[in-house]
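Visitor: Given only the sequences and the hints, what does the whole structure look like? Please build it.
For the record, the sequence lines run as chains U and W. Quick note on numbering: the first sequence equals residues 81 to 704 in the numbering used here. Quick note on numbering: the second sequence equals residues 6 to 296 in the numbering used here.
If you're looking for bench data, these hints aren't it; they were derived computationally from the structure. Even for Gly, the Cβ is constructed at its ideal location relative to N, Cα and C. Please note that a few of the clues may not be correct.
[To be verified] Among the chain W residues that face chain U by a calculated CB cut under 10 Å, a handful are:
no., residue
1, Y80
2, T82
3, L292
So you can see what is in the structure, the chains are spelled out below.
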Amino acid sequence: MQTNRMKLLIGGVQLRDGVSTITDILGRLLTRAGLYVMAVERGFASTIYGAHQYDPLVVSPDPPLSWGDARVDILVGLEYDVNPDSKVQPNRDTLLRHAGEVRDGGVAIYDSSTGIVPTDDLEARGVRVFPIPARQIAQRDLKKEVVKNVVMTGALFRLLGFDQDETRLRRLLEERFARRGAALIDLNLEAARRGRAAAEAILKERGWRDVGLRLEPAAGGPSAVYIGGNEALAIGAIQAGVRFYAGYPITPATSILEFMQTHLPHYGGRALQGANERESIRAALGAAAAGVLSMVGTSGPGLSLKVEEIGVSGITETPLVIVDTMRAGPSTGMPTKPEQGDLWLVTGGGHGEIPRIVLAPSTIGECCPMMRDAVRLSDKYQCPVFFMTDLNLSEGRATVREEVFHENGRPAERHLLTEEDVRGERYARYRFTESGISPRLVPGTRGSVAKINSTEHDEQGFVTTDRPTRVAMMDKRMRKMTEYLQHDAKPPQVFGTIGKGPILVGWGSTKPVLLDARERLRAAGVDAAVVHFTHLWPFPTNLAKPLLDRGVPVVVCEHNFLGQFAGIIQAHCLIPTRRVLKYNGRPLHPSEVVRAVQEVTRNGAGTVRLGGKDDVMVEVTLDA
Amino acid sequence: MPETTSAKAPASIWEQNATPRHRIQWCPGCGDYAVLNALKAALTTLELTPSEVFLVGGIGCSGQIRNYLNGNSFYGTHGGALAYALGAKMANPDLKVITLAGDGDTLAIGVENFVHICRRDPDISLVIMDNGVYGLTKGQDSPSAGLGQPDLKFSEEHPPFLDPVKLALASEATFVAQSFSGDPKMTTQLMVEAVRHPGFAILNDFSPCVTYNKINTYDWFREHVEPVPDGHDVTDEEAAAALIVEFERRQKLPVGVIYRHPRAKAPAKRLPLWPRELDNVDVEPMLRGFR
Numbered sequence: 081m082q083t084n085r086m087k088l089l090i091g092g093v094q095l096r097d098g099v100s101t102i103t104d105i106l107g108r109l110l111t112r113a114g115l116y117v118m119a120v121e122r123g124f125a126s127t128i129y130g131a132h133q134y135d136p137l138v139v140s141p142d143p144p145l146s147w148g149d150a151r152v153d154i155l156v157g158l159e160y161d162v163n164p165d166s167k168v169q170p171n172r173d174t175l176l177r178h179a180g181e182v183r184d185g186g187v188a189i190y191d192s193s194t195g196i197v198p199t200d201d202l203e204a205r206g207v208r209v210f211p212i213p214a215r216q217i218a219q220r221d222l223k224k225e226v227v228k229n230v231v232m233t234g235a236l237f238r239l240l241g242f243d244q245d246e247t248r249l250r251r252l253l254e255e256r257f258a259r260r261g262a263a264l265i266d267l268n269l270e271a272a273r274r275g276r277a278a279a280e281a282i283l284k285e286r287g288w289r290d291v292g293l294r295l296e297p298a299a300g301g302p303s304a305v306y307i308g309g310n311e312a313l314a315i316g317a318i319q320a321g322v323r324f325y326a327g328y329p330i331t332p333a334t335s336i337l338e339f340m341q342t343h344l345p346h347y348g349g350r351a352l353q354g355a356n357e358r359e360s361i362r363a364a365l366g367a368a369a370a371g372v373l374s375m376v377g378t379s380g381p382g383l384s385l386k387v388e389e390i391g392v393s394g395i396t397e398t399p400l401v402i403v404d405t406m407r408a409g410p411s412t413g414m415p416t417k418p419e420q421g422d423l424w425l426v427t428g429g430g431h432g433e434i435p436r437i438v439l440a441p442s443t444i445g446e447c448c449p450m451m452r453d454a455v456r457l458s459d460k461y462q463c464p465v466f467f468m469t470d471l472n473l474s475e476g477r478a479t480v481r482e483e484v485f486h487e488n489g490r491p492a493e494r495h496l497l498t499e500e501d502v503r504g505e506r507y508a509r510y511r512f513t514e515s516g517i518s519p520r521l522v523p524g525t526r527g528s529v530a531k532i533n534s535t536e537h538d539e540q541g542f543v544t545t546d547r548p549t550r551v552a553m554m555d556k557r558m559r560k561m562t563e564y565l566q567h568d569a570k571p572p573q574v575f576g577t578i579g580k581g582p583i584l585v586g587w588g589s590t591k592p593v594l595l596d597a598r599e600r601l602r603a604a605g606v607d608a609a610v611v612h613f614t615h616l617w618p619f620p621t622n623l624a625k626p627l628l629d630r631g632v633p634v635v636v637c638e639h640n641f642l643g644q645f646a647g648i649i650q651a652h653c654l655i656p657t658r659r660v661l662k663y664n665g666r667p668l669h670p671s672e673v674v675r676a677v678q679e680v681t682r683n684g685a686g687t688v689r690l691g692g693k694d695d696v697m698v699e700v701t702l703d704a
Numbered sequence: 006m007p008e009t010t011s012a013k014a015p016a017s018i019w020e021q022n023a024t025p026r027h028r029i030q031w032c033p034g035c036g037d038y039a040v041l042n043a044l045k046a047a048l049t050t051l052e053l054t055p056s057e058v059f060l061v062g063g064i065g066c067s068g069q070i071r072n073y074l075n076g077n078s079f080y081g082t083h084g085g086a087l088a089y090a091l092g093a094k095m096a097n098p099d100l101k102v103i104t105l106a107g108d109g110d111t112l113a114i115g116v117e118n119f120v121h122i123c124r125r126d127p128d129i130s131l132v133i134m135d136n137g138v139y140g141l142t143k144g145q146d147s148p149s150a151g152l153g154q155p156d157l158k159f160s161e162e163h164p165p166f167l168d169p170v171k172l173a174l175a176s177e178a179t180f181v182a183q184s185f186s187g188d189p190k191m192t193t194q195l196m197v198e199a200v201r202h203p204g205f206a207i208l209n210d211f212s213p214c215v216t217y218n219k220i221n222t223y224d225w226f227r228e229h230v231e232p233v234p235d236g237h238d239v240t241d242e243e244a245a246a247a248l249i250v251e252f253e254r255r256q257k258l259p260v261g262v263i264y265r266h267p268r269a270k271a272p273a274k275r276l277p278l279w280p281r282e283l284d285n286v287d288v289e290p291m292l293r294g295f296r
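Guide: Now the structure itself:
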């Protein structure tokens, strides 16, 4: 019996079939039951309705190492109808597309309301198939089609032996529908019971005692929430003192705007939906200039529109946190697929040379504390701070221990002058200092004025092209980055012993998969280490080079075509890098990384591209 | 008009923390000088102090004005002035936010902001220093080029004049006025009224470019401007529209308040920014939905 450790994939027609409803119920119930859930990949499409949606979900009794490979233990298909465009009838996208991912001896559940689907292939591999007429039960027996998902949930819980007395589901429903009355709660519970009964009947008919998989509540687990990266980072921002947020609707950053609109006013702040991307960042810069800790959030296309203002933040020394929830580009690209293609945009975007800091959390759990740090750094160094997530981190969900939100939750220290500080002197907004950080007076503070200027300026903020002043001012701004590297840049996270085998290098959301690949490589006798970066820019060469320049292959794994981070490492550490690249819209899988690393170490591959027509495509480059 | 104001002898407080007069980089005779003098006089009349004033400059000759007088100032990108001003005002309603920009900045590259700030109606003022050209880049057409030349043959390259007053009214602005910097006394008076207006106030000031606009000169404006008649009901949107049509028909330019109709709005508080205002946050209400 496989208990509390499994991967599910739930698929259906977007919006209509409520895929997210089921994953949300599962995630919350299992988190409450003391288990860990990781639903990082979100397979939705850039339409409101009608596309195939699939949400993989990993369950584990301890924090899962990664989301694993594409292979799943349980497949749940919510579609019920016929698609006239599909040659294979009836339309069962989840079964058609994902049946091959079900492991031998696994489980497949689908909605059989409009007929039985041929699943001989699956059964031949020992997969136990459960046709559940969920929609029929919901529509005909319970007169409420929308509860068909709860029928499926009930069936799933029966197979997994979970919540047999329905107390957990009842509590969740009572919380969710408290205001809408007991009748609705009873209806949902009845739907779950019908699903249970339907699954029970099939078990009995087929003579199966169970499905070999089981979920059991874990006693004494830590209190935890089931949360997405966007919400977690927004909480961190509010904790740190952000009181002005501006955004423009864009996938996958929109939920930050929605979260801020809901919660920021309760903490005295305001959230603005800009008329466009530029109004958003400009208003945030205005609020920041007036002294309020401010933040904007967007994705690649929006960031491209905001680029002009990166320079304004940099030269006017107006602090701003800019969240980039990366999605596949270029241009409109694949709006609902993740990528790590914006690194060069945030490290180099904008004309001229701009002091800036780039951070990238590697898990949903890191989003909140790292955002607090981003806000602190923006105020300390008076420059733009980029916070890089991607669609998986932003829209994905995971079980996160609540202490993450409570530890070190104090607001960021503020660095603002008061009336007393400036009394009797002529305040200079851009005073030359050893650190490059000029004491900051916020407009509205009595006693003096701040001349904030995007044109090159003197210490007072007045326009100048005087050569020595220009050089001194440029040096002053850039000195802040040296100061940052000395005091605040964090070294990469290191896993394993460096120097024995290949070093897997990553940044952002790929960390879990690199750690998983490392375990598998070690099991295969390859002593790989993982070096994962969170503080990307200014690149901490002094911290990175001693780790990476060890005469072993440095294999940088990224979700982009060029190997943008590999390029940065090469340029700064003066060492060759090998590249494992995937940009097909799905996250890296550990088995792919293992294969790619083997191509590098055994066969000398320079670049390995994953997930195209062939699973693994190898390029041997001459310079590597 | 409620009171008389002085266009001359600005108080010295506005000369401090400013580029000295002899270093001002506007052409001799530029209409922007009168706007600068009027602004100082208006700020004096309003009894404001430099530390409570937040001047946002547009890009162009006109935006330089922010450095030619005392007061906090902000200078960003071309076309962005109104959006920075919006954020600053939302952050701190105690600031007197005045945006000073040209016609190119406001009506071409910044028109997206102009339209939506009219709708949002923050309590800020905008003075458009309108001269019909891009002076800083040596005299290319701006959207308000072609003023007073209805008989021109237009093309895609040279489209007709865009009237900021009409655009403001169509965009639901709550205060729309027009002035001519050849009459600095009126400009001053209208600035005072614009700053006092509890919402977004637009003052389009004809500020002739003596170097590049050879058509819309001081003399030309003197011939064409005409005060808004006494009987005009400034609170009536239809009357404002009719007034514009009537002036256009006679090939005249109205100066004075054309429309003023404050909109009821929820009061706003200054956002927390000082350490004492940023207490430890209770995260419980935010976590509740994720259990």
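Visitor: Flag every earlier hint the structure violates by its number, smallest first.
Guide: No hint contradicted; all consistent.
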